[in-house]
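K.L.:
Chains as they are written, first to last, in this note's numbering: chain A, -7 to 652; chain B, 106 to 772.
Hint data in this document are derived by calculation from the structure and do not stem from the laboratory.
Yeah, the Cβ is synthetic: ideal placement off N, Cα and C, and Gly gets one too.
Don't take every hint at face value.
[As the list claims (entries may be wrong)] Using C-beta positions, here's what the derived DEER-type ranges look like:
1) B:Arg370 <-> A:Gly202: 16 to 22 Å
2) A:Tyr229 <-> B:Arg370: 35 to 41 Å
3) A:Ser319 <-> B:Leu294: 56 to 62 Å
4) A:Glu500 <-> B:Pro268: 37 to 43 Å
5) B:Leu277 <-> A:Ser319: 55 to 61 Å
6) A:Ala177 <-> B:Arg370: 31 to 37 Å
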Amino acid sequence: MKDKRKLHMFLCILIAALMSLMLVLMHMGGSVNFQEFMSAGRVYDVEPVKLQMSSRGWLYESQNQGHRLQKNKAMIRFSASDTVQTWEYLYITVRWLSKEPLEGVLRYYDGEDSKVLEQPIMLTQGRNMIRLDSTIPMRIFGITIFDAKGEFISVSDIQIRTTPSWFTIPYFLKLFAVALAETLALLVVITSIYRLIRAQLPGGRYGLRGEWLLDSMQDVIRVFGNFLGKQMGGRLYPHQRESVRIFLFSLLFVWMMFGNIAGWLANTQMYRYHVLICALLLLAISFVSWERALQNQNWSGPLMVSWLCIWLGMILCDFFVVRKIESVTGYAMLIVGSVFLYFWQNMQRPDRMIRDMMEALEVTFFLSAAYCFFFRGKLPAVDYNGMFRSSEELAMYAVLMAVVFLTELDWALEGQKGFSSYVKNITGGAASLFFLLRSGHLPGILIFLLIGILYIPIFAGKLYRQTAKIRTFFCIIAAAIVAYACTCILFIGTKYVPQLLGMDVAYEEELLVTWLEGEQREQHLLQNPQSLLGVRSKQLANLPIIWRTYGRRLNLFGHSGGQKVFRRDIAPYSGYLGMAYQQGLFILLPYVLFQVLVVVLGMKCLLQKCSGKNVFLFFLGITYLCFCFCANIERCWGHPLWLCYYLSAGYLGRMEKGKD
Amino acid sequence: MVVTERISSLKVIVGILVGVIFSAMISVMFISGSVNLQQFYDVGNVYDVSSIEYEKEGKNWCYNFSTKRIEIDAAKGSHVFLINSSQKEWKYLFLELKGLRTPVEAQAAFFDSSSKFIYNLHCDLQEGRNVLPLQEGAIAGFALTVKGPSSFYISRMQFREQPQIFEWRSALAVFGIVFVCWLPLMFALFLFQRGGRRNFPNRGGWLESLQEAYRCLLCNAHEVFGMFSSQKAFVIRRALFFISLLLVYLMFVMGWRWQILAQRRLVFLLGMCLLLIAFVSWEQKMRAVNWKNPLMSAWLVMWVLCIISEFVVGKTIQHVGIFMLGCMGPLYLSWGSMKYPDRFLKDFLVALRWSYWVSCVFCILFRPATEGVRYMGIYQNPNSFAGFLVTVNIAFLIWLDENLNRVNLKFGALCKNVLALASICGFLLLTESITSVVVYAAQWMVFIWKQFPNEKTQNYQRNLRVFAVTFFVAIAVTWIPGKICLDYVPRLLDTTISFEGDVYITQRNPLSLISNAAQEPDTGVAKRILEKVRTGDWDSLFSSRTDVWESYLRQMNLFGHSGYLESLNGKRAHAHNALLQMMSYYGVFVAVPYLVLLYYSVKYGILAIFNGGRSGVSLFFLMAAVNYIIQGLVEDMATPFFYISWLTFFIALGGLANQPEIRSIRR
């Protein structure tokens, strides 16, 4: 009861927060617009790298993060768009000025790079709003400062747009607080009225609740599940079932990774076939797991409801936005994912499924490591992508595998497992760490550290409770030495073997990222010309602008395609923003709820005294939650972390209290 | 009554049908020289110049409508042919001539889209096929000049990308060989299936599971929707049926069928309406419902094939299979579970009648009739409106059938329904749709056939006389003041509405509307039929539909196409045939379950009439099937969600879905 109340409160706050956010954005946009809350019009943010460029009059000083004006008539130019367009507002945020105010002119250039207008401007410290002549189209604009030779100016942000911008963080927070209070009050009133009405209305077993839909869904799965499950799982012995499951899971993970590498996740035609194969494999795993006549489970718990709502929400968006890729994900997860979860929850020992899944992950990991060893060389000064198309994906995979091996190690510490188990798990963990460090993905490394820190007390406690402490300790040390040796081999292998054998494989449109910037990059290019061709700098500095751009375009039912930032398609680098942008703002309601519940139930799973205790689900929840803040985690049907995370609802959903 | 049937014979027929399609597929691929499952007849694009083009007058180029021949009396006769296809680059021009006694010299001058001359081709035209190789470049048309007086018949004028290097005779040989090979394979398959039956889930198992799944859904929903008593349920059902009909109508008229989002929403709403009807109608103490019959097997297979096709090929009209299996299926089961299933049907018929009266008022107030132009009523073209009319006609005929035997026939109700029957007839004649007139006649024939057992009843004789008198009065009322109202009320009130995409068709389709209307104000179905019969060729009889069918047949493939295909005059149009349309949408093999479905709908429809347990409304099933099939021969009945006839037919299947247990007789 207490838990339920807490959940309701959390839900209320979440709903109120999302509604407030929507209202505040609409208020700032000045209109009630569900297609785009903020009604921001066209907006272009000048890329931070462009703000660090020098011109003849403006010399960039990287140590001071600003420009020194070299002439009495110093000019710098920025491109506003690829084509000639009209704009209305120019916002220049000046971080610091050595002399205030600076006077100058703003010049408009057309498509043929000839000046069409000059407009006087004055720059002061802070945010400068310049009203542009909206009748004159331009492609490039130039800022010329007069009589300020030797002065210093640090510009942090330039934005050109067709509508005024009222967004400042303090103003937003003020409005948000007011809206939140009002929405909460309104929600309380609505909830009270709803309860009153519900008490008055007659109803059968379900009353006004939608549980009958959940039951019906389960019934449908039960009927077909029994029909097909008997033909597959019903004919196998338990050990055969496990072997088949591991094999199918391995196949599924390999297929997903292969699809990701082949670029099918962004290919409208191929994606559906890719998902179809994944769905068939998952169905096969489900039917193989049939042990006895299926029984309906309690799916009215918040975890399962939120899980279903995520996919239903995705499907619902199809009624308002035309797209193909996302809807396939929603349908596949809703239908096939539900079947899988239902079968999992019907297993006598559901922890077997987790073990099989983890074993399959291990198999695929060692296969992937071997693949990287022979085929994927590390390029100098470029983050390693491993078997994936981007270092970010490799980092996510490495953290997932680290969690898997930590869990296995945890189990090894609990039971009387042999030396080989320690060797396997510690080597696997070390290899994961190696891949993670090679990927150079800072959030991934931080998440790994967080998990490590969280695991230390558990590890210490387990070691302390061990009867043969010294033997275990020595086993671990010996295994660590083996792991070190293996990692060294892997390190050397990924550096030299593919080039030596001439088997280095490069993917089409692979995202190569370097940590080198500015002078370092230039120095590197002097030493290794052409080596950074097609290699991008990290998006770390651009993240606030990327997030802001996505936030500006939030709406009720999502968008059909990607968002252009700096005139090219850039992913949102945030799971929340990505989901809200693609599926509409209110998808965050089940999404966030699901994430919180996975962590909470994972924690319960970790702390429970009975059998089946494991750290996997808790760490998995933490990992996903953390990646969600700053990574493109939603690689639907393309990344093992994504699949493992969403399927974990099968185990956790059974933990929710409810009817038998 | 127990339906006895030899299932094995059905299996053989299905096997043969599959064999025929398979053999045809292989033969076509063989003669076209490529294995292409996207288009079996892979000979590049082909564009047929429409026969209507030949009929147009040229310079000294006369078309004799009676002999169908081109007659050139002067030294030079020329005619300009336009290429209406979106593709403009062609490699060959095939000209098939008949009745040309001596070769004639000819010249073809090609021009581009800005009517600029590009090049000339000189040739001698002979009897039979003349192949003119074209030069590279886009062409928008050509002027064919024939030198010297001559007379000939153009049987085909075709632009092609590849030459035709085969003869259809060789296709027949391949077809024969493949089909002969198929037969033993088919029997081996049957034997194998019989041997391994224990290892594979059989058809009945799938249907049972499906039925069980629906039952669970309906039982759960009954917990919520069971609050409606049977008194309330019928009102809700009628209202929901009416909304469903309205949605289907709006989908067509508002053009929402081509707007993917609007279409999805409407389909969702339609599905919800049907599901709600199912939930409201579900009776817990249900009758035993048996779906283990060929009709439901074909129904299931057809929609599964449809889902597969939809998955493989992105469709312009989506979610048909899901709609059928997800919404229509529960509706069927719910209907089957009812203690008095006729009530369900009566509610649907009431909704149909309501829809007719609403449309009638709409026509009188907003849609005036124009002399010389086929009347479109509430639709955008006369054929669709005629299709609607003959569908609602079923509802009124059934009322008549139910009441002609009654002791106390209510005169008010009789007047209302007879007025409807007479006005439908009037509207139908205004539309001048021959197809619908044929359907209408067929419906009356079925109706009259049903009346034979009643003939000698006294009540029947008396009621029949009353009906006859009332009908004549109704005809007088609707055809004189009714027609005047239709002609003048919207204009007087200035409330005329025209829909976007209204197709004004005159009798001499598709020439200038105004000139035709002025020249020939006196049109009619009889005149149309007479003209068609007089010409005596298929093309004219089917209003150039043969070209469309040919074009569709040419583009058949394994998984279907996304939407309508480019056919007549390079425009995208429906196949004008339900079977071809289904094959085009969902792949060639869908023809097998579709034909089985049609056959069993008729068969069970007839059985329903003779079934003692059925009441008067049992006539509905046969009428709906006949309506659908006859209209489907020359009109588009296969495109889902567009036509009320389509919805009516698939709802009617629900009443036939539940059949007594089938016994297999082995001799």
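K.L.:
If a hint holds in the structure, say so; if it does not, say that too.
P.N.:
A quick look at each hint next to the structure:
no. : hint                              : result
1   : B:Arg370 <-> A:Gly202: 16 to 22 Å : holds (21 Å)
2   : A:Tyr229 <-> B:Arg370: 35 to 41 Å : violated (50 Å)
3   : A:Ser319 <-> B:Leu294: 56 to 62 Å : violated (37 Å)
4   : A:Glu500 <-> B:Pro268: 37 to 43 Å : holds (39 Å)
5   : B:Leu277 <-> A:Ser319: 55 to 61 Å : violated (45 Å)
6   : A:Ala177 <-> B:Arg370: 31 to 37 Å : holds (34 Å)
The structure shown violates the earlier hints numbered 2, 3, 5.
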